[in-house]
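Engineer: If you want the building blocks of each chain, they are given just below.
Protein chains: 2
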Amino acid sequence: MALSFVTTNEGKFREAQQVASEFGIELEHVPLPYLEIQSDKLEDIAKVGAQQAYAMLKRPCFVEDSGLFIEALKGFPGAFSSYVFKTIGNLGILKLMEGIENRRAEFKSSVGYCERETEVFIFTGIVKGRISTEIRGEKGFGYDPIFIPDGEKRTFAELSTQEKNVLSHRGKALRSFLSWLVARS
Amino acid sequence: MALSFVTTNEGKFREAQQVASEFGIELEHVPLPYLEIQSDKLEDIAKVGAQQAYAMLKRPCFVEDSGLFIEALKGFPGAFSSYVFKTIGNLGILKLMEGIENRRAEFKSSVGYCERETEVFIFTGIVKGRISTEIRGEKGFGYDPIFIPDGEKRTFAELSTQEKNVLSHRGKALRSFLSWLVARS
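Taken in order, these protein sequences are the chains called B and U.
Residues 1 to 185 (my numbering) make up the first sequence, in order.
Residues 1 to 185 (my numbering) make up the second sequence, in order.
Careful: at least some of the hints might be erroneous.
Which copy is meant is left open, because identical chains are indistinguishable; a pair holds if it fits in one copy or across any two.
With a Cα cut of at most 20 Å, we get these calculated EDC-like pairs of lysine to aspartate or glutamate [to be verified]:
| # | residue 1 | residue 2 |
| --- | --- | --- |
| 1 | K74 | E106 |
| 2 | K58 | E115 |
| 3 | K74 | E138 |
| 4 | K86 | D40 |
| 5 | K95 | E106 |
| 6 | K153 | E26 |
| 7 | K95 | E36 |
| 8 | K139 | E115 |
| 9 | K58 | E138 |
| 10 | K153 | E117 |
| 11 | K86 | E138 |
| 12 | K128 | E22 |
| 13 | K139 | E117 |
| 14 | K139 | E101 |
Because the hints were derived from the structure by calculation, they are not lab data.
Keep in mind it's a predicted model, so treat the numbers as computed, not measured.
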């Protein structure tokens, strides 16, 4: 039986599908929106989201929430990354970073998995890196064109889905979730 | 009997108290946090917030949610104003606005009032104005030092609480709420 990934973001589903295939797991894309609480903790957003998604579907499912945390901006845009992207976008972030020497940042991802009402399992992945000085690359989505992971010269948007998944926060969180799921079954 | 205002923001309570006194209404400050949903609609945040607050207190109470919407930034920081303030702050907003000619912005406020589980009344206030080019004034809180309401040369942070309440989004939303409450009783 396919495992349901509840997300309205097609880029996320594409990445998750590639990781799931490494485990021989088939994913079903459920493009439904769910309640996102206003919290600066991704884990809490994923937890409540997974419960909401389960309440709608009544079958085992997971959600994923992620954010870009920039050190010099006190963690901005963090858990509000998607809203900030839709408004000021990558150009806004580069403008905020003008003249700032410390360009350290990290992407975090939290996967929330729910298979009955009372229980949610949370899996987290982090990738450290830095904010580029210009927009580069056209793959991926969101902040990918301005994030360079440690050990790379290219931004996430210059990597293939497979290359990105090896390094990325989302790839790590998903692999940690799916390893657990496989080991348990 | 005093009317309960559920907010962790003392500046908001101070302003509301001054408006309520115009109506001969006494306010009680309940500094409890409540669930804020991640939505870009203030009305929805106030609605769910008021229901949550009522569920905790079991007596008539209201919450207030507000945001600064900047035209040239597609409404940023909007419903996420408080998080954005805590991270990039007024200096961040001024930096994003550097070189941008259109400085139009508006403050919106939504009051949510709940007196039984199933019913929430929403009251909204708006003030139009512009973003200043520098931080000015020390009164008020949040974005007050960078917002100049239409018809004024001073920022909100250069006005007294009473002067601000006449013009402000929050003053308008609260007066609309309290007039309704008084007329109904």
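Engineer: In ascending order, which of the hints set out earlier in this document are inconsistent with the structure?
Structural biologist: 3, 6, 7, 8, 9, 10, 12, 13, 14
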